[in-house]
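K.L.:
Counted the way the working numbering counts, the sequence shown spans residues 2 to 348.
In short, the hints are calculated from the structure, not lab data.
Among the hints, erroneous ones may be present.
Restraint ranges, calculated between C-beta atoms of paired labels, are given here [stated by the list, open to error]:
1) G187 <-> V303: 38 to 46 angstroms
2) S205 <-> L125: 49 to 57 angstroms
3) N40 <-> V167: 17 to 25 angstroms
4) S245 <-> A132: 16 to 24 angstroms
5) L275 <-> T116: 46 to 54 angstroms
6) N42 <-> I95: 19 to 27 angstroms
7) T116 <-> G212: 47 to 55 angstroms
8) N40 <-> Q308: 33 to 41 angstroms
9) G12 <-> V167: 16 to 24 angstroms
10) T330 <-> A132: 29 to 37 angstroms
11) S4 <-> L99: 49 to 57 angstroms
12) N314 <-> F222: 16 to 24 angstroms
No farther apart than 30 angstroms at their CA atoms in a straight line, the calculated lysine-lysine pairs in the DSSO-like style are these [as the list claims (entries may be wrong)]:
13) K277 <-> K98
14) K203 <-> K100
15) K213 <-> K179
16) K98 <-> K115
17) K179 <-> K277
18) K98 <-> K203
19) K277 <-> K306
20) K277 <-> K100
Source: prediction; values computed, not measured.
Yeah, the Cβ is synthetic: ideal placement off N, Cα and C, and Gly gets one too.
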Amino acid sequence: MSSLDWVVLFGTLTAIVGYGVYKTYGAMDMDSYIRGKGNMNWWTIGLSIMATQASAITFLSTPGQAYEDGMRFIQFYFGLPLAMIILSVTFLPIYYKLKVYTAYEFLENRFDLKTRTLAALLFLTQRGLAAGITIYAPAIILSTLLGWNLTFTNIFIGVLVIIYTVSGGTKAVSITQKQQMAVMMGGMVLAGILVIQMLPVKFSEALHVAGKMDKLNIVNFELNLSDRYNFWSGMTAALFLFLSYFGTDQSQVQRYLTGSSLTQSRMGLMMNGLLKVPMQFVILFIGVMVFVFYQFFQPPVVFNKVQVEALENSAYREDFMLLQEEFSTSFKEKNQEIMGLLQAVEA
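Could you build the full structure based on these sequences and the hints that come with them?
P.N.:
Here it is, written out as structure tokens:
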């Protein structure tokens, strides 16, 4: 990495954490710490909800999903706007009427303390495991780029997040997530532009290649229970998943309970429902363009250089070299077929 890369990386991290701590500095009571004094506007709530769901996993794995399986994963989000409408009409008014701090406090009011404790423990277990994966995924990338030990990188990221989360509470998280979303989406859009500019063919030809290789299969109305992603699974199974996640998971409930009013929280949920689908579309499309790029430029068999070095110095060296030769031959044959296809289209 160049000096500029280091400045951008640590400058961004320092600015986001410092800004979050600065904006929330001072003595806090329970309401300030958990609900951020309940004075957040709708667009801060909306961005915070989106950023909570769109973790590093989204920006690392979703392009890979499109690279492997095309655009059809977008159908999974078709039920999201409807779920946001249902939650705005049902769950939100109840939470605001009871003035609860958590979704599980409602369970205690409705049932008993045992029910609340069980639900809270299940949430903490699930979120603890998810947080570990969320930190581990970018740690793999950073440790590869920076040459750091993976364990140290995990600890570094975790400590950095804990600093502004514990010191500033919910408000610090909501405020910093606006900057995080701007950085992540800006980086993704820039990456997409660069990939398209680096393509050796026209954009229209790239789309033709992607279409011929079934990467632009966005909507499938076929009722097939063995197909994971189609219109019907997105409007049924995914709908109930979103109702559960956004309606009862404290990581999301806490975001919209910071709203200054019921209307602001509803608008925040609506913003999430309207913008999340096109956001996922952009992320998936970037993955498709990366796929097209590697139809003209041979990718490595293994992208992780550390793993490549380990294989080259292991007992599997000859097998790995043979695999690379076979892969190179297969790539050249495929590339010739693609170039022939484009020539036929132009003719």
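K.L.:
Which of the numbered hints are not met once you compare them with the structure shown?
P.N.:
1, 5, 8, 10, 12, 14, 15, 18 and 19
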